[in-house]
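Spelled out from the first residue to the last, the chains are:
2 protein chains.
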Amino acid sequence: MTYRIDCVQYANWSEKIFRQMREGGVDAVNATICYHENFRETVQNMAQWNRWFETYPDLIFKGRWASDVKLARDTGRTAIFLSFQNASPIEDDIGLVEILHELGGRFMQLSYNNQSLLATGCYEAEDPGLTRMGKQVIREMNRVGLVVDMSHSADRSTIEAADHSERPITITHANLHSWQPALRNKRDDVVRAVTQNGGMMGFSMYPHHLKGKTDCTLEEFCAMIATAADRFGVEHFGIGSDLCQDHPDSVVEWMRVGRWSKEIDYGEGSAAAPGFPDQPHWFRDNRDFGKIEDGLRQIGFAPDEVAGLMGGNWYRFFDTNFTPAKAA
Amino acid sequence: MTYRIDCVQYANWSEKIFRQMREGGVDAVNATICYHENFRETVQNMAQWNRWFETYPDLIFKGRWASDVKLARDTGRTAIFLSFQNASPIEDDIGLVEILHELGGRFMQLSYNNQSLLATGCYEAEDPGLTRMGKQVIREMNRVGLVVDMSHSADRSTIEAADHSERPITITHANLHSWQPALRNKRDDVVRAVTQNGGMMGFSMYPHHLKGKTDCTLEEFCAMIATAADRFGVEHFGIGSDLCQDHPDSVVEWMRVGRWSKEIDYGEGSAAAPGFPDQPHWFRDNRDFGKIEDGLRQIGFAPDEVAGLMGGNWYRFFDTNFTPAKAA
Numbered sequence: 243m244t245y246r247i248d249c250v251q252y253a254n255w256s257e258k259i260f261r262q263m264r265e266g267g268v269d270a271v272n273a274t275i276c277y278h279e280n281f282r283e284t285v286q287n288m289a290q291w292n293r294w295f296e297t298y299p300d301l302i303f304k305g306r307w308a309s310d311v312k313l314a315r316d317t318g319r320t321a322i323f324l325s326f327q328n329a330s331p332i333e334d335d336i337g338l339v340e341i342l343h344e345l346g347g348r349f350m351q352l353s354y355n356n357q358s359l360l361a362t363g364c365y366e367a368e369d370p371g372l373t374r375m376g377k378q379v380i381r382e383m384n385r386v387g388l389v390v391d392m393s394h395s396a397d398r399s400t401i402e403a404a405d406h407s408e409r410p411i412t413i414t415h416a417n418l419h420s421w422q423p424a425l426r427n428k429r430d431d432v433v434r435a436v437t438q439n440g441g442m443m444g445f446s447m448y449p450h451h452l453k454g455k456t457d458c459t460l461e462e463f464c465a466m467i468a469t470a471a472d473r474f475g476v477e478h479f480g481i482g483s484d485l486c487q488d489h490p491d492s493v494v495e496w497m498r499v500g501r502w503s504k505e506i507d508y509g510e511g512s513a514a515a516p517g518f519p520d521q522p523h524w525f526r527d528n529r530d531f532g533k534i535e536d537g538l539r540q541i542g543f544a545p546d547e548v549a550g551l552m553g554g555n556w557y558r559f560f561d562t563n564f565t566p567a568k569a570a
Numbered sequence: 243m244t245y246r247i248d249c250v251q252y253a254n255w256s257e258k259i260f261r262q263m264r265e266g267g268v269d270a271v272n273a274t275i276c277y278h279e280n281f282r283e284t285v286q287n288m289a290q291w292n293r294w295f296e297t298y299p300d301l302i303f304k305g306r307w308a309s310d311v312k313l314a315r316d317t318g319r320t321a322i323f324l325s326f327q328n329a330s331p332i333e334d335d336i337g338l339v340e341i342l343h344e345l346g347g348r349f350m351q352l353s354y355n356n357q358s359l360l361a362t363g364c365y366e367a368e369d370p371g372l373t374r375m376g377k378q379v380i381r382e383m384n385r386v387g388l389v390v391d392m393s394h395s396a397d398r399s400t401i402e403a404a405d406h407s408e409r410p411i412t413i414t415h416a417n418l419h420s421w422q423p424a425l426r427n428k429r430d431d432v433v434r435a436v437t438q439n440g441g442m443m444g445f446s447m448y449p450h451h452l453k454g455k456t457d458c459t460l461e462e463f464c465a466m467i468a469t470a471a472d473r474f475g476v477e478h479f480g481i482g483s484d485l486c487q488d489h490p491d492s493v494v495e496w497m498r499v500g501r502w503s504k505e506i507d508y509g510e511g512s513a514a515a516p517g518f519p520d521q522p523h524w525f526r527d528n529r530d531f532g533k534i535e536d537g538l539r540q541i542g543f544a545p546d547e548v549a550g551l552m553g554g555n556w557y558r559f560f561d562t563n564f565t566p567a568k569a570a
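As given, the protein sequences belong to chains A and B, one line each in that order. For reference, each letter of the first sequence is one residue, going 243 to 570 in this note's numbering. For reference, each letter of the second sequence is one residue, going 243 to 570 in this note's numbering.
None of these hints come from the bench; they were simulated from the model. Be aware that one or more of the hints could be misleading.
Treat identical chains as interchangeable: a pair holds within one or across any two.
[Stated by the list, open to error] Computed cross-link-like contacts, EDC-like style, restricted to lysine to aspartate or glutamate with a CA-CA straight-line distance of at most 20 angstroms:
1. K304 / E547
2. K568 / E296
3. K377 / D334
4. K568 / E495
5. K504 / E535
6. K304 / E344
7. K377 / E296
8. K312 / D457
9. K568 / D300
10. K304 / E382
11. K568 / E547
12. K453 / D472
13. K304 / D316
14. K504 / D310
15. K533 / D300
16. K455 / D546
17. K455 / D300
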């Protein structure tokens, strides 16, 4: 059996989008619920998800374990996993790592663009690597089963996290820097550090991460995946679309600036193009996962490789990394 | 098989106490983690419990479901369930009911001595009954499986809660007012409202709830239980010892006054005796549950009645009331 798993989305969630997930046959979505939010605000976002789960039980439910992806497929629904793109929800309190895992949190980025208490973000000029608290928190995340995600972290911090972590880590959403030299895409030594320790990377369809941005073709995207598979092993990759659907542009401003600056920071955008970029025509939203699957087949991946990239690899990763570490 | 369950304790927790639980053969303890704490402070107390669970895995673990009581007995440990003696942890946010249940919260009092946003406490002069929010929150507690506890609530509010709730409610710790007319003990019409709807009451060994206080004998205590069983049915009763062990007297002051008053309120104590009262000699701590069992046998309860009172009745209640309500 095969699964379709998207390991990052952040939409202006609605019944329409949940129905599109079903139309696209998406068994699981890892939903971002935090960019800058503190613990209490993150819990508020969880409570909002609980309302959606209560309101649309025939479309979605809260995902906690890999087995929920199977349950979703068997019952024709989408399992929504909840994750954090920043370390802000644990504030300065290592005890909140386990609390957030108990609440169903499954991935946490150690930093988001900026320096955090744990690690450096990819937009900082200097990257001194993991902090003292960062090393402690990785150990605690390993213990409880909260997965380290370094998508928006800087290179040295990412490599150190991959080496320091006793369980595999992830880059849930990025592409190869050698293909599209965006600040957020990952250099080969970073991808190698993550994958050689058993980690996973999800390919992003956020236009700023694509060669040619919105004009990138499906064939170019799939060729990049083939390159990555050749270099690092196909089993280490999946999809992390970074789909940001139906948001007003004020939301991308919040994602970039939060409360940390009074000045606008355009991130991957610019003063001329400050808003969300248009999606490529071959991936408008959840309904288009079938096109990705076709593209992977046409670029020459074998059926089992396609199945792995579309969800099987993430499923295997979920299955071994969401549960607490075995006692020594 | 039989279980020993104590449905309320609030101790200055330590390895010594956890070992006493094992010595007393206590399979499950419902531990209070909130008297006046708001959400964030309650989470802090949960994180502290997680530290104890991590430190003493051979003695205790976090209880979530009735099956954990069986697991505890089968593995020679004590399952610790976490509960709130006040509605303060949900603040003004009904969404926190489900969040707290996801974190393992299993009982919540709707009020603690004073008026809350939900219901009236037993020390208020007037009891206008359930509030608008109180009715909404009871429905939400019913939905997710967070049990209503009215131990410190006023009579009218308690009776209204028993009638309004679609699932059985509890008085986890109190005795019969007709036996010892303490403000916290429950009049027959209150006990009847709770038990006739399938609810449960736990008998307290907190001296202020006992006839003769510290000097109350085991025989008198068990005779009171026999009276309650005759009046309302033995299957509705268990133990909720209210054991407050190893605390300095500053803690009982916090329990009584929290942050709501600048003046001391002696509660069930007095200016002459402001501290924790001494335990009766037949129930010093968790090691003495065997004595209660002997006392119940000697007062004439049949073996299956003794087993029910010592834990079987709570086990049955846990088994049907901690899980979410079945979808209609």
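Consistency of the hints with the structure:
{"no.": "1", "hint": "K304 / E547", "result": "neither (28 angstroms within a copy, 41 angstroms between copies)"}
{"no.": "2", "hint": "K568 / E296", "result": "between (33 angstroms within a copy, 12 angstroms between copies)"}
{"no.": "3", "hint": "K377 / D334", "result": "within (13 angstroms within a copy, 37 angstroms between copies)"}
{"no.": "4", "hint": "K568 / E495", "result": "neither (41 angstroms within a copy, 42 angstroms between copies)"}
{"no.": "5", "hint": "K504 / E535", "result": "neither (43 angstroms within a copy, 67 angstroms between copies)"}
{"no.": "6", "hint": "K304 / E344", "result": "both (13 angstroms within a copy, 11 angstroms between copies)"}
{"no.": "7", "hint": "K377 / E296", "result": "between (38 angstroms within a copy, 19 angstroms between copies)"}
{"no.": "8", "hint": "K312 / D457", "result": "neither (35 angstroms within a copy, 60 angstroms between copies)"}
{"no.": "9", "hint": "K568 / D300", "result": "between (35 angstroms within a copy, 15 angstroms between copies)"}
{"no.": "10", "hint": "K304 / E382", "result": "between (23 angstroms within a copy, 18 angstroms between copies)"}
{"no.": "11", "hint": "K568 / E547", "result": "neither (30 angstroms within a copy, 41 angstroms between copies)"}
{"no.": "12", "hint": "K453 / D472", "result": "within (19 angstroms within a copy, 80 angstroms between copies)"}
{"no.": "13", "hint": "K304 / D316", "result": "within (15 angstroms within a copy, 31 angstroms between copies)"}
{"no.": "14", "hint": "K504 / D310", "result": "neither (42 angstroms within a copy, 51 angstroms between copies)"}
{"no.": "15", "hint": "K533 / D300", "result": "neither (25 angstroms within a copy, 52 angstroms between copies)"}
{"no.": "16", "hint": "K455 / D546", "result": "neither (29 angstroms within a copy, 73 angstroms between copies)"}
{"no.": "17", "hint": "K455 / D300", "result": "neither (36 angstroms within a copy, 56 angstroms between copies)"}
Against the hints set out earlier in the document, violations occur for numbers 1, 4, 5, 8, 11, 14, 15, 16, 17.
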